[in-house]
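Full structure from sequences and hints, please.
In my numbering, the protein residues as written are 393 to 831.
Hints listed in this document are in silico derivations from the structure and should not be mistaken for laboratory results.
Please note: incorrect hints may appear among the correct ones.
Said to hold, decoys possible - As a list, the in silico DSS-like pairs of lysine-lysine whose alpha-carbon atoms are at most 25 Å apart:
| hint | residue 1 | residue 2 |
| --- | --- | --- |
| 1 | Lys576 | Lys746 |
| 2 | Lys480 | Lys412 |
| 3 | Lys605 | Lys628 |
| 4 | Lys403 | Lys419 |
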Amino acid sequence: MPKITKEHALKYHSTGRKGKVEVIPTKPFNTQFDLSLAYTPGVAFPCKEIEKNPADAYKYTARANLVAVISNGTAVLGLGDIGALAGKPVMEGKGLLFKVFGDVDVFDIEVDEKDVDKMVEFCTKIAPTFGGINLEDIKAPECFEIEERLKKNLDIPVFHDDQHGTAIITGAGLLNALEISGKKIEDVKLVVCGAGSGAISCTKLYVALGIRKENIVMVDSKGVITKKRTDINKYKAGFATDRNISSLAEACVGADLFLGLSVADRMTSEMLASMAPNPIVFAMANPNPEITYELAMSTRDDLIFATGRSDYPNQINNLLGFPFIFRGALDVMASDINEEMKMAASYALAELAKEPVPDEVAKAYNVDKLEFGRDYIIPKPLDLRLISCVATAVAKAAIDSGVARVKITDWDAYKKNLDDRVRKHILDIASVCIKPIEY
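Encoded structure:
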């Protein structure tokens, strides 16, 4: 892949129709009869049906397949608080990924508001438009409260991808890394470098998967989060340690797992060298990890290493999750994306990584072969099997946990429909909508 430059990116976003997404009609509009059905007088009939039975909105409108990507621009990628408008290219990009990989329609909504109460009120009031809400790039700790309150207020899935997406993908990687290294999850000693939304959500999921709280040390920008500190919020306090550890370097000694969701170069080669045999390092700082791949691999040859970057093995990419998690949730009209559904997604991704990888996937990444092992603990984002694997697991978990309003009985048919749908969808988009850009 050629190096991405500023000129490439600006040309990509500005060539032809500006931005990355558009709205297109899904019903005929060529005759007066068609237009009379689309609007007045024909549109009155579905309106009356929905008035009588609100659930019919899923039958007669786009709500059944429509997700809001909502951000206030306070924590945009590695750019920080750049504001709602400046974050719009990211939200459009999220919409593109939803559509291409999950066939989920998106309206991106950038809200110029930092007040938690007002954000909650705004999202609650627009919720009738959507089958789900994907919160995006909202800083901690406000993001926790906004999501918690919306989940209580609404009967549609609300999912903050910066928290849960990273947790689900790294959770899958963790399950496989432990299998490869021969470690039991209940024995794992975890160091968490960072204490923002992603770090806290990952740690919560790891606890649900089996890591014991007493084996966790979390470090923020001010140091180790201990029970003696009085400057931490309730979310950090949930992972405060009473162990006598005063630095990140001390925490790394004998640790099995390092989870980095902070800033570049926080981990030194000495810290990595001090970890337990067969260490696992998820260095997720964006765009430059807590320790570089080259330094990490030259320090330990028994290491399992993952980053958020696409140019190294084991990319932790949220694209492995959110399009398919929402696909499964929408298909059963779920009222929530709960813990059971998140864990089901992690286990599904972990299992898919153990399956033989189609040649087309290896070819897409310019390698001869992809095979389960230290350099392949999670699937690749361009693996088209992801939709039937993850969406099916999520839909099943929604039904089993009681949050689904529609039940699927023929799972083989459902999986085939998903596979056929995404392949046809990607081909249709590529052949009709996309023209190559000359750089």
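Sort out whether Lys412 lies within 25 Å of Lys480, counting only the CA atoms. 10 Å, holds
Holds or violated: Lys605 and Lys628, Cα atoms, limit 25 Å. 13 Å, holds
Just to be careful, I want the Cα atoms of Lys403 and Lys419 compared with a cutoff of 25 Å; is the pair within it? Between Lys403 and Lys419 the Cα gap is close to 33 Å, so the pair fails against 25 Å, i.e. violated.
Given the hinted pair Lys576 and Lys746, is their Cα-Cα distance within 25 Å? Distance of about 19 Å is within 25 Å: holds.
Going through the hint list in order, the structure does not satisfy hint 4, though it satisfies all others.
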